[in-house]
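Asks: All chains should be built: construct the whole structure from the sequences, respecting the hints.
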Amino acid sequence: MKKVFVFCVGGTGIRVMKSITMLMAGGMSTNGYTVVPIILDPHLDLEEKKNLHSLLDSYINIYKNSINNGTSTLNPLDGFFNSEIKLLSQLNNQSNDTQEPVGSKEKFSSYIKTSNLRADDINNYLVETLYSSKNLDSQLSVGFKGNPNMGTVVLGEMIEGADWFKAFKIHCEKDDRIFIISSIFGGTGASGYPLLEKKIKGAENEPAVKNALMGAVTVLPYYGLKDPASTNSDIDSANFYTKTKSALAYYEGTVLSDYLYYIGEKTLKQVYENDEKKQDDKANFIELVAASALFDFLKREKPETRQFLSRAIEKDVDSLDRSSLGKGYDPLVKSVADYMLLSALAGELPKEKYFPLKKNRGFNESFYKDEPFKALEHFNAIYNKWYSELAQNKRAFAPLHYDDLQKMSGWIVGLELDAKDDSYYLLEMIKASNKDKSDKHSNKFRYFLQFAYDAINYYTSKINK
Amino acid sequence: MARIDLNIVDRGIQGTDWIAENVGLTADHLDEVMEQKTDNCGALNSLPTPFARFFVAKEAFRRVTEENKDSKKEAGFAYRQLVSDILDVYELLFNLKYHNNNTFTKGQKIELREWKSEENLKVIKDKMPVLYNSIHNYYSTDIKEDKLYFLVYTEDGKDKLLACSSPLTGFVTPPDMDKSIVKKNNTISYKFSGSQYENLHIRRKSGGEYFRDIKLFGERDADFKNYMYNELFSSDSLDGRYRFIKEYIRSFKDDVEIRNDYHLKLADVMTDQNDPLVVNGLTFKSSDALDIMSYFNRTIIKVPYRISRDNFIAVKYKNDKKERDYDYLLPFKPEILNLYDGQQIDSEVHIGRNDITVTLKYNNKEYKKTYNEDPVNSSQGRIINLRAARVNFDLGLFPNILSYNEAENNYFKVMLVAADEDAEAPNLNVDNISLTFFKNSGKDFIPIKEVDPTENVEFGTCPPYVRSRQKSTSVDGGTKFYELFNTSFDAMEINLHGDTGLLIPVWNRSERTNDTYTYAIDLGTSNTFISRCKNGENNLPELFTVEKPIVNFLHEPLKDSQLSTNRCIEDSIFLQARNKIKTEFLPAIIDGKDYKFPIRTALCAIRSNANKPKLFDNHNIAFFYEKLMSNNDQVIYTDIKWEKDEAKLKIFVRELLLIIKCDILQRNGDLNRTRLVWFKPLSFRGTIRSMYEDIWHKEPEDILFIQPSQVDCFSESEAPYYYFKKKNIIPNSDAVSVIDIGGGSTDFVYFQDNKPKMANSVHFGCDVLWDNGFVDFENARENGIYNKYKDTIRFDRKDLEDLNDSMKLDTLVKTKDIINFWLGNSSHCDIVKSLRDEYKPLFIYHFVSILFYMANMYKDQNLMAPKTVVFSGNGSKYIDSFISSDKRILKEIVDTVFDEVFGGKNDVSLQLPKERKESTCYGGLYRSSDAEAVPEFVYQCDSAGKYVKVDDLIKDYDNLKATLLSKYKNLSNLYKKVLDKMKTAGILDDTINPKVYADCAGEDMGTPFDTYFKTEVREQYSDEDMLFDTVFFLPIINRVFEMTKI
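Chains D and U are the protein sequences, given in the same order.
Going by my numbering, the first residue of the first sequence is number 1, and it counts up by one from there.
Going by my numbering, the first residue of the second sequence is number 466, and it counts up by one from there.
Think of the hints as simulated: they come from the structure by calculation, not from any bench.
Please note that the accuracy of each hint is not assured.
[Unchecked claim] Result set (DSS-like, lysine-lysine): computed pairs, CA atoms no more than 30 Å apart in a straight line:
hint : chain 1 : residue 1 : chain 2 : residue 2
1    : U       : K609      : D       : K113
2    : D       : K107      : U       : K538
3    : D       : K134      : U       : K648
4    : D       : K199      : U       : K538
5    : U       : K592      : D       : K394
6    : U       : K581      : D       : K198
7    : U       : K730      : D       : K134
8    : U       : K538      : D       : K198
9    : D       : K169      : U       : K590
10   : D       : K199      : U       : K623
11   : U       : K538      : D       : K113
12   : U       : K587      : D       : K166
13   : U       : K574      : D       : K201
14   : U       : K592      : D       : K134
15   : U       : K592      : D       : K198
16   : D       : K134      : U       : K623
17   : D       : K198      : U       : K1448
18   : D       : K199      : U       : K612
19   : U       : K625      : D       : K107
20   : U       : K656      : D       : K113
21   : U       : K581      : D       : K199
22   : D       : K198      : U       : K590
23   : U       : K581      : D       : K107
24   : D       : K134      : U       : K609
25   : D       : K394      : U       : K1113
26   : U       : K590      : D       : K201
27   : D       : K210      : U       : K590
28   : U       : K592      : D       : K113
29   : D       : K134      : U       : K1352
30   : U       : K609      : D       : K201
31   : D       : K113      : U       : K612
32   : U       : K587      : D       : K198
33   : D       : K107      : U       : K590
34   : U       : K625      : D       : K315
35   : D       : K134      : U       : K581
36   : D       : K113      : U       : K581
[As the list claims (entries may be wrong)] Okay, the calculated beta carbon distance ranges per label pair:
hint : chain 1 : residue 1 : chain 2 : residue 2 : range
37   : U       : Y655      : D       : G347      : 36 to 46 Å
38   : U       : S660      : D       : H53       : 37 to 47 Å
39   : D       : H53       : U       : G477      : 51 to 61 Å
40   : D       : E352      : U       : G477      : 49 to 59 Å
No residue lacks a Cβ here, since even glycine has one placed at the ideal position from N, Cα and C.
Replies: What follows is the structure in structure tokens.
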């Protein structure tokens, strides 16, 4: 199986990976690549990071449930959860704890061992020039607070000689791909991206790594933070654009990826709390588009020359629907619409008394109480929240009207679906069940996902037309 | 709504899929990105390289360039302050010479320390491998320089990093120097990120402080702007990495102060390895130009009095006012003297309504600086108004005259007195006011450094000595003394709490002539007298006075023709300094009026005399004695003549000689051809005599540059004879006795046919009348005269009344000093009348005792009775003051004594000349140094002269005592006889009972003789010692003391 190693650097990397997972759940295809996410963030206690790990575990669990055939495995489904996510630890049967090397509350000065210099050593002046007292005094466990000049030192060490990086190099095989997700205007991401590129392209002893097709999405500024004076933060979104300009100028001529995706906004649309420790920023449309870069990348072949990709939306509006997004976003809209329909159906079906598949396919009370369906419900809940955030953020990604199951023809804004309410979908599920006579396996959960997707796709496939 | 790229710039993407292009986003694409201003310096790091700071600085220049082109594109505080700081580095280096010469004080310096990448990256690899792993790759791509330079500022032994060289911007400041805005109480201030810069204060030449004020390029001064624009960033071949800073500087092409023809004199900036500073091809320069404005001080000190233009060069006013009661110190740095080559600084002050403007004229150009008590902008200086601050100071310079012979200008003393009206919480005390001296070396003006004169140095300023500090309970200020040795000086810089002003003394100067002078100095127990005569002229000797002031005070004296010069000077000293100057320094002028010789032989010293005595630093002649009370910190020594403390005596002589030196120079005398005469009492023997000889050789050599051969020493007793003889007041020179009664001793010299035949000295002066006999306590106050009048004596002047009270309260002041004070101010009290009326028998006893002793001595030496008796010495004044002014009466007493001792009928010619004290000095001037020395003789009332050593007296004690008791009996009888005659002559009236005194005189003399022979001879001397004094007066001293109590 071909793999794509997705390096998710910093907070933006985490949030984009979340969107990738959601799009994969909704049926976006990785073109046969198993996604191996590698999360690179020194934040020890970041909630977002824990949530992503949990989400990935949920996805992997559902995916496994969907291909489980007792002692054997089935081919991945078409539609929902059609692509595999595998953790590096699963490849290696080892820990994939990428934060271990900096998993302490050690101060930066101690980390670089400034105390080894005598008081009169002239090199103290170099350290004073490179780093502020606050830099030197800051603990590594809270990230680099927008200071990539620190990040580059710590992440460099974090990568160099780390078990997980060795494992990556071992398991990165011919035709595997590498994708790096980072922001350019922060601390961790801005420093991690060029570092990773250098490390990967410098892997002379691992040609599969060195020569792997490599893509990267560089997330440019898209959100703002509240006045740093109010929280005494060192992150000031007022200079995000300046930092970006400076960084892009610095990168100029040094990019090593085959495909470099740019995504960002010309003005900072949303303003979050300025608290580096929490970073519980709501899901954002830009992250979703950044996530789409991975799927695009996995469809492309090795280019003759380095390619720089960017993307537009049809209309510059604050709340985007299918029309204002533009046609290019239809697959993305469909993925989200489909999964939201799945979620809606999964919510309704356990309450449906006269659903024939209850008997025919065993979608009974016991099925709904069983672990696979419970896992799906759990995932659905996360998905719903994620979409809700997307739909309410700025800019808003809001192509759906999903709150009234009796008026489902308007499920997709600007596109009337033939299914007027949920009964249409249930009926199509029955039809799908009826069509499938093979009885190749006894995986009820797989049937559930398969019939649901067939039913939903029956009505939503018009999105892509 | 049109389609929009999801990007920070619009690249015109077609469709809404991911569109691939061959070109990425470059800096050129980014110009259209709208950036926001940022005020937060902590948020500047943007790049994934350890050298991000260097790129941040580069970005900062790009941002301020955009702002400079379009003010709507605000760069924000963070970038502005960074650019300002980096420009400060350039400006600091540009003005390095100026700062080194003008603003950096001792211990402050700027250094460029070289860092070699090759060797130091190895150190980092060894010591900080984690950092090394990161930086070694980036160094080769980001920095590329073989060397970096760290700009380090050192102050008080502590180093502060100011900047590091950068191939992108020349220099970059450390992130800890970044500032944040602090808003408090409606004011804005800046706070450094790093606490190490909290105390960083380096004043910019153009005003304000480096690294503290935000000053962009356009706001800087013209020299600097032209240097940056025309010199540093004008080249087309400059490395491309300098692009943004160059664009910034070149964006000021329309600045009116930047001109192509601007001429600058530049010099290389050197590193600590003495290499020119070159950073990525950029050669840094420092201004080598003369900067007139830099000679102005940032403050001008306003003193609350007028400065004496006779004594100091002071500012000239364009629009002076008659009523002006203040003045300004010259607001210039001492280096300005070099511009004018020692000539007067051409400056003027215009007094404005709220400010003053100082105009300096140099090379036909005018340079102006305005000062205000509350400056309205950084170009204005501040007026330091001492009156408003309720503080004040004054200074005095002694001597104020220079010899034409520079080598003779070897001693100068400056007294500084400072006071704060709020003594309890003073802002100013003498510790935070200081002086630095400068002299014209011929080439330029150099500071005369403070050095220890004992450390083999040619010349210098002695470390200053704080003599007194203002007390919280006293209005009197504190004092500090500066001494310059082996050098004169041309200017002083006064530093008052960090604010400075220039003081240029106006010296009097002597001229070369052939005139020479001889000075005679009679250093008596109580009084000291100096006389002078011009050599080669046969004129009457002169009382020593000086023609002009010898001290230059800073303040302008009163102009009041009704007052003496001295009063005009002293009364105009500000109140808190007046007593200090009077008591710790010397009179501005010894004019023979307020201050005149003879003076009391008294030294004023600091009470806690732990240090080595030194003139003015802790001791000085108490010219004020009996005029003004010393304060609690001071102690007065009145016994220095007979004390074996060489240091005190030396100081006394030194001050006299320094005053004499002034007099010689004022008279254009040839200093090193001066002659001196000093006098020794006959009783000077042994150690004390050699001590005196040593002082009178060394000090004149040191101060007047004369050899010991130019210094004569005569006997105090014989000297008056030559004066009186010269004045022809000795009618018969067959046999003449001169009796010199001083405070401590009485000397007798017998002349026969104008030749001294014998001399004798006894420790029996007039002070025994005011003393306490042999009471062995320093603070004894048992003298009857003192106790009789101490509570009743009144003065018609309040200050004298107060002084009297103070002396009485001071237990260290002796009765003889208090009574001498009464007598010294007899015109303001009735002490003379009281003593004359109530103690006449006592004085007669003293007088008769002296005459009796002398007559017996002459007789035992087989000398004929003197035909003429001449009295000299201030002590002899009691004779005609308290016994009788009628010479016939006094002659009768002398004749009575001589009749009794010599037998027969004597007819003595008695001489009590007016110049009683002066006669010694005057005589000294007329005595030929070739004159025959007088044979000295010790008389113990035996004709054989067999008692030489103490042991001789002890062995023959019974015979000696028997002889003396016989003499005392004769003396007693003689005294009674004289009293009777005086009663008959009406000299003693009925209020006095002579019998009581006669009885007292007749009392047992044996016991007191035994007692005092033991305490004053046996306990004081060893048996083998020569005894140079007579024992005759031992019981008589006691008898005099007893009589005071009658």
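Asks: Which of the numbered hints above does this structure break?
Replies: Failing hints, ascending: 2, 4, 5, 7, 8, 10, 11, 13, 17, 25, 29, 34, 37 and 39.
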